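Visitor: Here is what each chain is made of, one letter per residue.
Protein chains: 2
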Amino acid sequence: METTIKDIARICGVSVSTVSRAINNHPDINMETKALIMDAIKKYNYIPNNSARNLKRSESNTIAVLIKGITNTFYTNMLKVFENEIQKKKYSFFLHRVEEHQNELDVALELEKEKKLKGIVFLGGYFYPSGEKLKQIKVPFILSTGGIADTVDKKSCSFVMVDDVRESYKMVDYLCQLGHRKIAIISAPPDDISIGKSRLEGYKEALKDNGIDFDPNLVRYKIDDGIDTFSMKYGYEVMKDLIKTGADFTAVFAISDSMAVGACKAIFEAGKKVPDDYSVCGFDGLDISFYYEPSITTIRQPVEEMAEETIRILFDMIEGRIDTESKLFPAELVVGKSTRNI
Amino acid sequence: METTIKDIARICGVSVSTVSRAINNHPDINMETKALIMDAIKKYNYIPNNSARNLKRSESNTIAVLIKGITNTFYTNMLKVFENEIQKKKYSFFLHRVEEHQNELDVALELEKEKKLKGIVFLGGYFYPSGEKLKQIKVPFILSTGGIADTVDKKSCSFVMVDDVRESYKMVDYLCQLGHRKIAIISAPPDDISIGKSRLEGYKEALKDNGIDFDPNLVRYKIDDGIDTFSMKYGYEVMKDLIKTGADFTAVFAISDSMAVGACKAIFEAGKKVPDDYSVCGFDGLDISFYYEPSITTIRQPVEEMAEETIRILFDMIEGRIDTESKLFPAELVVGKSTRNI
Numbered sequence: 385m386e387t388t389i390k391d392i393a394r395i396c397g398v399s400v401s402t403v404s405r406a407i408n409n410h411p412d413i414n415m416e417t418k419a420l421i422m423d424a425i426k427k428y429n430y431i432p433n434n435s436a437r438n439l440k441r442s443e444s445n446t447i448a449v450l451i452k453g454i455t456n457t458f459y460t461n462m463l464k465v466f467e468n469e470i471q472k473k474k475y476s477f478f479l480h481r482v483e484e485h486q487n488e489l490d491v492a493l494e495l496e497k498e499k500k501l502k503g504i505v506f507l508g509g510y511f512y513p514s515g516e517k518l519k520q521i522k523v524p525f526i527l528s529t530g531g532i533a534d535t536v537d538k539k540s541c542s543f544v545m546v547d548d549v550r551e552s553y554k555m556v557d558y559l560c561q562l563g564h565r566k567i568a569i570i571s572a573p574p575d576d577i578s579i580g581k582s583r584l585e586g587y588k589e590a591l592k593d594n595g596i597d598f599d600p601n602l603v604r605y606k607i608d609d610g611i612d613t614f615s616m617k618y619g620y621e622v623m624k625d626l627i628k629t630g631a632d633f634t635a636v637f638a639i640s641d642s643m644a645v646g647a648c649k650a651i652f653e654a655g656k657k658v659p660d661d662y663s664v665c666g667f668d669g670l671d672i673s674f675y676y677e678p679s680i681t682t683i684r685q686p687v688e689e690m691a692e693e694t695i696r697i698l699f700d701m702i703e704g705r706i707d708t709e710s711k712l713f714p715a716e717l718v719v720g721k722s723t724r725n726i
Numbered sequence: 385m386e387t388t389i390k391d392i393a394r395i396c397g398v399s400v401s402t403v404s405r406a407i408n409n410h411p412d413i414n415m416e417t418k419a420l421i422m423d424a425i426k427k428y429n430y431i432p433n434n435s436a437r438n439l440k441r442s443e444s445n446t447i448a449v450l451i452k453g454i455t456n457t458f459y460t461n462m463l464k465v466f467e468n469e470i471q472k473k474k475y476s477f478f479l480h481r482v483e484e485h486q487n488e489l490d491v492a493l494e495l496e497k498e499k500k501l502k503g504i505v506f507l508g509g510y511f512y513p514s515g516e517k518l519k520q521i522k523v524p525f526i527l528s529t530g531g532i533a534d535t536v537d538k539k540s541c542s543f544v545m546v547d548d549v550r551e552s553y554k555m556v557d558y559l560c561q562l563g564h565r566k567i568a569i570i571s572a573p574p575d576d577i578s579i580g581k582s583r584l585e586g587y588k589e590a591l592k593d594n595g596i597d598f599d600p601n602l603v604r605y606k607i608d609d610g611i612d613t614f615s616m617k618y619g620y621e622v623m624k625d626l627i628k629t630g631a632d633f634t635a636v637f638a639i640s641d642s643m644a645v646g647a648c649k650a651i652f653e654a655g656k657k658v659p660d661d662y663s664v665c666g667f668d669g670l671d672i673s674f675y676y677e678p679s680i681t682t683i684r685q686p687v688e689e690m691a692e693e694t695i696r697i698l699f700d701m702i703e704g705r706i707d708t709e710s711k712l713f714p715a716e717l718v719v720g721k722s723t724r725n726i
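Taken in order, these protein sequences are the chains called A and B. Per this note's numbering, the very first residue in the first sequence carries number 385; after that it's consecutive. Per this note's numbering, the very first residue in the second sequence carries number 385; after that it's consecutive.
Chain A with its partners taken away, still in its complex shape (with noise of 0.2 Å):
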C-alpha cells in the first residue's frame, strides 16, 4: 500500500500541514523536525506527489507566458502574479522563452499546435506582426507591458500596457517644471517603432509645450549587438559618449530605469554628483529605482494590477465573455533624490 501523507504525519508525531512545511521547504519549521521528517519520508518510501497531480490534471488547461529576453527585473513580479491567478482558474502556465532571432509569432503559432494551448501571454518586447499573421492565431491572446508597432491595428487584438508617450511626457515634464530646459534623453536605437519610439516621442512634445527646442544633438542611443538596449550597460556606455563629447546639458531622462543606473554611475566615474551637477530620470520603477543611492525619479508601472488584469482579459475571452478587450494603466510619477530644481 502507498505511503501517504498522513502516514508520514502520523509516524513522526506531527500534523499533516507540518510534513507539507517540511515537503515545501517552507521556513517556518523547527530544523529537528524537519530533518525527523525527511527520514520518514525516506525510510517510507513516501512520494509527495500533489504537484505532480496538478501539473498533470492541468496538461490540457495551459496558457503559453512567451517572454522575448528575461534581461528585466520588471517581469518577475508580473509572473508571480501570472502564477497565482493561472492556478486560481486551474489551469497552468509555462514560460517559453523566444529567441532574440525569432519571431515570437512563429513561435507562438508553433507552440499553439504542439501544445494544444487555451491562451497565450505575449510578455514584454516588442510586437510587430502582420494582419494576416495575427489572424492566424486561433486562440485567445494577450500582449502584457511590451510595446505594439504604430503599424498594427490596436483594435485586432486586446493589450495590457501604460501609455507610453503619456507616461514619458509626464517625466520629461516633471523636469521642466523643476527649471530644466537642457534636458538629454537616453532612447532606443531609431529602428525601435515601439516602446522607444513612444518615449522618445513623450520627450519631444513635453519640451514643445514647454516652449523648448528640440535638440537632436541632446537624442542619444547607441547601436551595439552586444549590450541589451534598456541595460545598465546600455546607459552606462550612452552617458559616457554624452559627457565625453562636452553637449550642454543639466538633466537626462533616462527612458529605463536600469539605464538610469548606468548613466549614474557614468557621472560619478567623471567625478560629477547627481543631482548637483546633472539630474537623472528612469522609467518602470524597478526596485533598484529605490534602493539606488541617489533613489532614483522615475515612472512606475503598476506591474501587480496590470498582471492580474491580463489574466482577467485573458480568461473573459477564452470563456468567451468578449472578443477582445484593452486596457490602458496610468502610471505614477514616483520622485526620488537623483533630480532636482535649477
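One or more of the hints may lead you astray.
With a Cα cut of at most 30 Å, we get these calculated DSBU-like pairs of lysine-lysine [claimed, not checked]:
no., chain 1, residue 1, chain 2, residue 2
1, B, Lys-472, A, Lys-427
2, B, Lys-581, A, Lys-426
3, A, Lys-499, B, Lys-522
4, A, Lys-606, B, Lys-499
5, B, Lys-517, B, Lys-473
6, B, Lys-499, A, Lys-617
7, A, Lys-426, B, Lys-539
8, A, Lys-519, B, Lys-497
Treat the hints as calculated values from the structure; they're not laboratory data. These figures come from a predicted structure and were not determined experimentally.
Fit chain B to the known structure of chain A by using the hints.
Guide: Frame of chain A, contents of chain B only:
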C-alpha cells in the same frame, strides 16, 4: 506558389541578408529600407518561417531548463549561453518555471513523461531530493549553480557550481585582512541547508582561522514569507534591524549582491556611510555590484563558463560518453569601493 525570402529580396532590390535583418528587427538597417521590405512582405504575404521550422525539426530533441524563481538577474547571462550552446547541437530548449510550492523533482518527472525530453538542467535554487526519487529520472540531468543539500550523495549526480564554503571563506578572510574583527553576516534563514548554510560555514571558518570568536549576535536573518531571501528588500530589512539593535560591527558580509545593495541603502538611511562607517560586501558578481555607488566588493561567479560547462557535460551524458561529471569552478574576489581598511 509560396513567396520566398529570395522573392522579397528581388522585389526590393536588396540582399537576402538585408531582408533577414528587417524581419529579425536587427538594428543595423536603414529605416526606409526596412519600411520598404516590411511593405513588400505584407503585400506578397510572405511568411518568414525559419524559426518555426527550427522549432518543429527539433521538437524531439528538447532540453528542459527548470528554474525556481526568476528573481535573480544572475541567470539571464546563463540563459543566453544555454541558448547558443544548445542551438549549436541542433537541439531546442524550453524554460520551465517551478512554482515556489512545487518540488522540482516532481515537476521534472512529469515533464520527462509528457515531453520526451533528452535532458534536464536544474538551474539555481536548492536541491533536496531523496536518493530514491533521483533514480527515477531516466534522462541525463545536471544541477547548475544552485545548491545541493548536504544530505544528497554528490556522486550520484552531475553538477556545476562554485565551492560556496571556500568562496565565502575568501570574502570574509579578505575583510579580516583589512583589519575587521567585528563582522556581521546577512545570512539565509537557518532552515536553508544549501547555499545559505555553506556561505555561513565559510564565514565561520574564516573567523576561526583569523582567531576571531564567533558571535551569534552578528548572524542575522529574517523569516518572512513575503520577502525573497536573496533580494534587495531582504538585505534592507535585515540591515535596518541590525542597526536598530545597536550591534557593534565594522563590516557586513551579505551572502548575495542584491542583499548587499539593500544593506547599503539601510546604512545610508541611518545617516551612515559606506565604507566610512561600515564596509559592505556581497556575493555573485551581478552587474549591479559594478554599477552601484559605491561599487560593491564581491565574489564573481564565472557564469558564462559555468553555463558552457553545464551544457558540455549534459551533452557528454546524452551522447553516452560519460555517466556523471561534476565541476567546481573557482570564483574571483572583485574589490569594489564598499570595503576599506580599518
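Visitor: A separate judgement is required for each hint: does it hold in the structure or not?
Guide: For each hint, the structure was consulted:
no., hint, in the structure
1, Lys-472/B - Lys-427/A, "violated (43 Å)"
2, Lys-581/B - Lys-426/A, "holds (22 Å)"
3, Lys-499/A - Lys-522/B, "holds (23 Å)"
4, Lys-606/A - Lys-499/B, "violated (41 Å)"
5, Lys-517/B - Lys-473/B, "holds (29 Å)"
6, Lys-499/B - Lys-617/A, "violated (38 Å)"
7, Lys-426/A - Lys-539/B, "holds (18 Å)"
8, Lys-519/A - Lys-497/B, "violated (33 Å)"
Consistency note: the structure conflicts with the earlier hints numbered 1, 4, 6 and 8.
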